[in-house]
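Working from the sequences, and respecting the hints, build out all of it.
Protein chains: 2
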Amino acid sequence: MINVDQYLGEKREVINRALKKCQPASGPPAVREAMNYSLKAGGKRLRPILVLATAETFDHGDDDVLDVACALELIHTYSLIHDDLPAMDDSSLRRGKPTCHTVYGEAIALLAGDALLTLAFEVLSRYGLKTKGSDKAIRIIAELSKAAGVNGMIGGQELDLEAEGQNLSLPDIETISAMKTGSLLKASVLCGALAAEAEEKALQQLALYASRVGTAFQIVDDLLDIESSPEELGKPTGADQDRYKSTYPALLGPDKARAKAESLYYAALEALDELDQPTDLLSGLAYKLVYRTK
Amino acid sequence: MINVDQYLGEKREVINRALKKCQPASGPPAVREAMNYSLKAGGKRLRPILVLATAETFDHGDDDVLDVACALELIHTYSLIHDDLPAMDDSSLRRGKPTCHTVYGEAIALLAGDALLTLAFEVLSRYGLKTKGSDKAIRIIAELSKAAGVNGMIGGQELDLEAEGQNLSLPDIETISAMKTGSLLKASVLCGALAAEAEEKALQQLALYASRVGTAFQIVDDLLDIESSPEELGKPTGADQDRYKSTYPALLGPDKARAKAESLYYAALEALDELDQPTDLLSGLAYKLVYRTK
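Keeping their order, the protein sequence lines are chains S and V.
Count along the first sequence from 1, add 7, and you get the number used in the numbering used here.
Count along the second sequence from 1, add 7, and you get the number used in the numbering used here.
Because identical chains cannot be distinguished in the list, a pair is counted as satisfied if it fits within a single copy or across any two copies.
Calculated pairs, DMTMM-like style, for lysine to aspartate or glutamate (alpha carbon to alpha carbon, straight line, at most 25 Å): (1) Lys-267 / Asp-179; (2) Lys-139 / Glu-206; (3) Lys-137 / Glu-204.
Because the hints were derived from the structure by calculation, they are not lab data.
Put into structure tokens, the structure is as follows:
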């Protein structure tokens, strides 16, 4: 049985070291400082860890896929910086620290987000060149750019903005959550699998696993926003209620929302059952994500 | 002798058609509308035309490289949308039309810029998959992501912001212009050459050509900002002076700045002399860029 907490702690360190290395060593300092500030702000590194865990499931070690893992975290971090901007969610705190634009100003924060997104693809191109694995790298870039685009993360952000103050139906919430949060989580799993040369059938099962875990993750996020204190969570809580956002717990009530997250967890495990590989790592991670307290 | 005006007019149409096709056909509408608005706003299509012209110089037709050409215009357009935002240059007019955020609001404009940047890499990944040319596509993505990043366009934008109200030296201005404008122009030529499988020696000469044309282009831009009316140029003029920006003509005077642009033009032609290919197209374009009136 895998010790998931230990695994997460170890891999977080591996990712942090790799993220340090993949940042540009030269160039004008302000944007680089802002990029580094947001990258260092101590996130859970969930997306890159999903890359590593999926690759490991298919017998590929960290060193083979660290570039891919970093690319996922670079894109996640850019999206947080832009989401926090005054024109968007106007957030002053993130992970317990002042947000990027609060420290560096809006212009530099905007550019730092742009630069992180651009760097993600530079890192993936270097991965392709370095490993002489252009075919793999191109498939990963195709997957990631689609997941981060208008039919994925960015589209979800648009829908989320438009939804403020509206009463949404459950299918609406599911669509927004699948696009805004789910698509990048799914891409993390799939990019790890592509880097590890998993077969088509496995990719399909992993896509199911990741979609289910992604929705469960979002439900738990919404629940934590209601149930935690800002100190516990490291960011302002109650933000969804303040903005009259429709969320899973707002629509279903906390108990049914929690039950839905749990049933998605079991459905995610079912998707893993079809794999020929050992799945204790991916199922352990799914458990951790659904039963987390922050 | 090539009729450059006719060439530009024809290729602009080719690019416009291709840009229409490469936009997402589904997804939430607001960001897609804003992307389309800015893409349709009628730019010169200079960067994608440089891709086509360079590829044609190496015997590759438009169809082989249109995806690459579009990627360049997508990145250029994203950079304009973000540069125009209130936190950056705060511009209300661009190409004679209201800027993206003026029409769609800041949040959607921000997302539209993000989506165009992301789409550029999606288009390049599709190009790699479609042509079974992953190696080429990865080299192009490496070139373009570097040119658009902290040591290229974004870095230039940072330096440009920091330079407002400062007295810059000529080398400072050269650095900013090379990064902010030059790097993407150079990438256009190099990506066209990579798509057409030009050899290393030719790539070096083309890099020289493009750097020189890029600087000349920036000088002419600065001159037009002083000498034209807003009606002629389709955007507010005198903006550099209003912001106390150091520019080539501000530092050298208009006559010496014009002479510098012309000498760079001749230096660009010299770089082309070393190529084994017919260079009338690339030299004709260089002429047009330096002797343009808008």
